[in-house]
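Trainee: Using the sequences and the hints given, assemble the complete structure.
Protein chains: 2
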Amino acid sequence: MHLTQCLQRSLQQTPDKLVTLFGTRRHTYRQFGARVTRLAGALQGLGMAAGDRVGMLALNSDRYLEYMMGVWWGGGVLNPVNTRWSAAEIVYSLDDCDTRILLVDEQFLPLVEELRARAKRAPLFVYAGEGPAPVGLLSYEQLIAEATPVADAGRGYDDLACIMYTGGTTGFPKGVMQSHQNLWAACMPRTMDMPPIPGGVLLQVAPLFHVAGLARALIQFFAGECHALLPTFEAEEVLRIIERERVTETLLVPTMILGVLAHPRFADYDLSSLKRLTYGASPSAGAMVEQVIAALPGIELSHSYGLTEACPTVSSNLPDGHTEAARRSGRSRSVGRGGFGVLVKVVDEQGLEVPRGAVGEVIVRGPNVMQGYWNKPEESAKALRDGWLYTGDGAYMDDDGYLFIVDRLKDMIVSGGENIYSAEVENVIARHPAVALCAVIGVPHEQWGEAVHAVVVRKPGVALSEAEVRAHCREFIAGYKCPKSVEFRSELPLSGAGKILKKDLREPFWAGRQRAVN
Amino acid sequence: MHLTQCLQRSLQQTPDKLVTLFGTRRHTYRQFGARVTRLAGALQGLGMAAGDRVGMLALNSDRYLEYMMGVWWGGGVLNPVNTRWSAAEIVYSLDDCDTRILLVDEQFLPLVEELRARAKRAPLFVYAGEGPAPVGLLSYEQLIAEATPVADAGRGYDDLACIMYTGGTTGFPKGVMQSHQNLWAACMPRTMDMPPIPGGVLLQVAPLFHVAGLARALIQFFAGECHALLPTFEAEEVLRIIERERVTETLLVPTMILGVLAHPRFADYDLSSLKRLTYGASPSAGAMVEQVIAALPGIELSHSYGLTEACPTVSSNLPDGHTEAARRSGRSRSVGRGGFGVLVKVVDEQGLEVPRGAVGEVIVRGPNVMQGYWNKPEESAKALRDGWLYTGDGAYMDDDGYLFIVDRLKDMIVSGGENIYSAEVENVIARHPAVALCAVIGVPHEQWGEAVHAVVVRKPGVALSEAEVRAHCREFIAGYKCPKSVEFRSELPLSGAGKILKKDLREPFWAGRQRAVN
Chain U
1 MHLTQCLQRS LQQTPDKLVT LFGTRRHTYR QFGARVTRLA GALQGLGMAA
51 GDRVGMLALN SDRYLEYMMG VWWGGGVLNP VNTRWSAAEI VYSLDDCDTR
101 ILLVDEQFLP LVEELRARAK RAPLFVYAGE GPAPVGLLSY EQLIAEATPV
151 ADAGRGYDDL ACIMYTGGTT GFPKGVMQSH QNLWAACMPR TMDMPPIPGG
201 VLLQVAPLFH VAGLARALIQ FFAGECHALL PTFEAEEVLR IIERERVTET
251 LLVPTMILGV LAHPRFADYD LSSLKRLTYG ASPSAGAMVE QVIAALPGIE
301 LSHSYGLTEA CPTVSSNLPD GHTEAARRSG RSRSVGRGGF GVLVKVVDEQ
351 GLEVPRGAVG EVIVRGPNVM QGYWNKPEES AKALRDGWLY TGDGAYMDDD
401 GYLFIVDRLK DMIVSGGENI YSAEVENVIA RHPAVALCAV IGVPHEQWGE
451 AVHAVVVRKP GVALSEAEVR AHCREFIAGY KCPKSVEFRS ELPLSGAGKI
501 LKKDLREPFW AGRQRAVN
Chain Y
1 MHLTQCLQRS LQQTPDKLVT LFGTRRHTYR QFGARVTRLA GALQGLGMAA
51 GDRVGMLALN SDRYLEYMMG VWWGGGVLNP VNTRWSAAEI VYSLDDCDTR
101 ILLVDEQFLP LVEELRARAK RAPLFVYAGE GPAPVGLLSY EQLIAEATPV
151 ADAGRGYDDL ACIMYTGGTT GFPKGVMQSH QNLWAACMPR TMDMPPIPGG
201 VLLQVAPLFH VAGLARALIQ FFAGECHALL PTFEAEEVLR IIERERVTET
251 LLVPTMILGV LAHPRFADYD LSSLKRLTYG ASPSAGAMVE QVIAALPGIE
301 LSHSYGLTEA CPTVSSNLPD GHTEAARRSG RSRSVGRGGF GVLVKVVDEQ
351 GLEVPRGAVG EVIVRGPNVM QGYWNKPEES AKALRDGWLY TGDGAYMDDD
401 GYLFIVDRLK DMIVSGGENI YSAEVENVIA RHPAVALCAV IGVPHEQWGE
451 AVHAVVVRKP GVALSEAEVR AHCREFIAGY KCPKSVEFRS ELPLSGAGKI
501 LKKDLREPFW AGRQRAVN
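Chains U and Y are the protein sequences, given in the same order. Quick note on UniProt numbering: the first sequence kicks off at 1 and runs consecutively. Quick note on UniProt numbering: the second sequence kicks off at 1 and runs consecutively.
Mixed in with the good hints there might be a few duds.
Claimed, not checked - If you want the footprint, here are the derived chain Y segments under chain U, 3+ residues with CB under 8 Å:
# : segment
1 : 5-14
2 : 112-126
3 : 328-340
These are calculated hints, taken from the structure and not from any lab test. Positions of the beta carbon are idealized from the N, C-alpha and C atoms, including for glycine.
Mentor: Structure below.
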């Protein structure tokens, strides 16, 4: 149960098979293995000891996969940095888990000085982009060229493999501790239910810093197959690479899928190689599913539901939940059933299972469930109770074990596949001197599923514009977390106990819909 | 990583699906679950505490699968008794791991009194056969009827799941300690590479006390599919059940396959449902493979190599290693490649990997490798070195990682799929007062692969016949371990160090063959 075992196996059995396709660069497993074992040696040379964190702040590339395997091979722990975060958030997460080495690509060079200046203990920066390294940064390629390959450090099982930061209800990002076994076990259900197509090519365009992208990459490694990578989502690039690399399968969020389908040159590309499409982060993708099936007849659709704390997959709705009958019966709206090894229950506030059809909180148990939050025992104890992970998602289960997400018990917004905790945004807005009270909710949005909406009460006699609120937010948090719209009111609806009644705030936006999440 | 998790999942998702077909008896997962949770309660009522061993001495039946799941559900550990062993061997193994409860079916009732009398601490006997329990034995059906169902005891991960006895080079059976995680991980490669056919039916005719049968049953449970069971191998029964239950897949040893193919009524049965055939325990099944393909065109063949200590699978040669091209190139003679999560190497006497094509010992590492031998630290330390399991099998690996078994480094005979340690048989023969010296070797046998052959030097002036040697052996060891033939000589070839040169003894029998094992 070492995550490098799959690479060792491919090196033994299929060394001449292609593993990464990135732009015009293509590597076989043998070449990839040579780079990984040298990278592991180089990182050890830079001081990476067993269990030390190494970050990467970069868009998708073949080097991202080398980073994953190289850090593990050398005995380190990943800290894949959310590329959409503000400098403040990144610094918090690097400091929080004491990341000693940070790989950055050309996209994020502009952040380096700020990160260096603000970090409590600045990491070593390694330039892992294209072309020569800028002055003052170590060069990834030079490190690899000069390093001696090392043997696999042999970490596995309960050893930490990755710390992945996720937004926090308290306003601070939390580092989710994922062991080798957690990630191994989390990839198993999908590997069993829909093993990668032999000889196929996976398109990696969902960001690899997300657990969904990282886990899907791992599944491809488990099967010893090939990855084609795009640095970032651009609809026509997706069409182009599917045709060029004969991509057989990919994982996209609904926003990306809609972008691809709507592209004016959609019909100009040969997409006949594409057999499977997995989508996530969308309990209400009904219309999208119909569009996909109309545009790509015969494609196998699957929908996964998960969270970083479950590393990530909790349940999957497989192709048999997307048939015409399933779409008619409404089953295709389900996020599917618990995968092998994963126990899923819907419980009431006492933690007791509710009858089928009744709404409760989704709880999860299994070897895929995280070890806890880094250095946050209280938050860990809240999330993990009696061996069960409390997801904060409201759902019901039908008689066949299909899960239907209906609400979010945690105060969270999902916009374009990103989780945004209302509390985090509220904390930032509240810091503005002109704000008396505020609440942040998700409102339906055609493209993003939900959009962040702020309701603000100004302090008496003080001026504050929507643009000022948004500019203030952008200083502290990632752009995608900033309110897309701001509404000013003279008061907020409060409960008897003085709690803001978000339900009342949300109601007019969601009227006439079956769910209060999208 | 609890082996009962798959049952919990089926109970949640597919309670009305059939899980066991035995004779005219058929149970759904709901019925099976009700019996399992009551059986667990009954066993606890009989004193089974967490980690306690419960044995079963019975032919295959639906109750054998209930036993597996029921003991695990209740927190116990399996000790599946080899049904071909002598009373002396069974008593040794029951005493060795202190098995407190033993389930027996009608076939083994005649042994009960002897086991009770000879055991150091006799177990409780539970009659798990058909019809009412004989006087003096507890009744399995009555226990289930009267018990209260209990909740899953929740054992898993490194907790012991099973102690499986295997012949020992020292002459004493060794209890292989298999944890929940070991069995879980051992089933993964196969579950990934050849997931059970959805809606399919597995025929369980290979004995469930063997790790190969038990693991294959587990894989079927992992996938939530159905088992059809035959108590014992009989060629026409196999044909009949395939037709009647629309069996889709089965695991057989070559001896069984040849028996089925050669049956005079083979052509009278509709075998069109059978899609897959897995065979094991045979590095030289070339002719058999051709016969299967001629008789069952289009069938998917796979060959697995493993050992009890690896729980069991080490490598598999999948259908793509059985194509016409693979048969022409000789690749179909391979036992395949290491499965996912299992590292396999061929090493020299220093434990260093040999070049591809060179012969060495097969060593194995992974979460599937046993925890060790029960109460035998010295034997455990010999088998497990630096995290690697030394198999005692000689093999070479080709450039694509395919393993070819060429010799057995341990002094072991494989006859009809059963492992027989020469030392065990030699120890028994040597106890006969008329024997001066003896050696036991495997010789080629058309039906059984290998047959046990004894070479005996009599004490001067003492008479001893072949029949006497065989009768003497039958007193102490299972019939399949007794010599099929006995040869008397005046001396044995000895090395300079006085060691019997078994290679010289074997040579004339194996002349003209590529391997010295079958």
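Trainee: Look at each hint and say if it fits the structure.
Mentor: Results of checking the hints against the structure:
no.	hint	verdict
1	5-14	holds (count 7)
2	112-126	violated (count 0)
3	328-340	holds (count 3)
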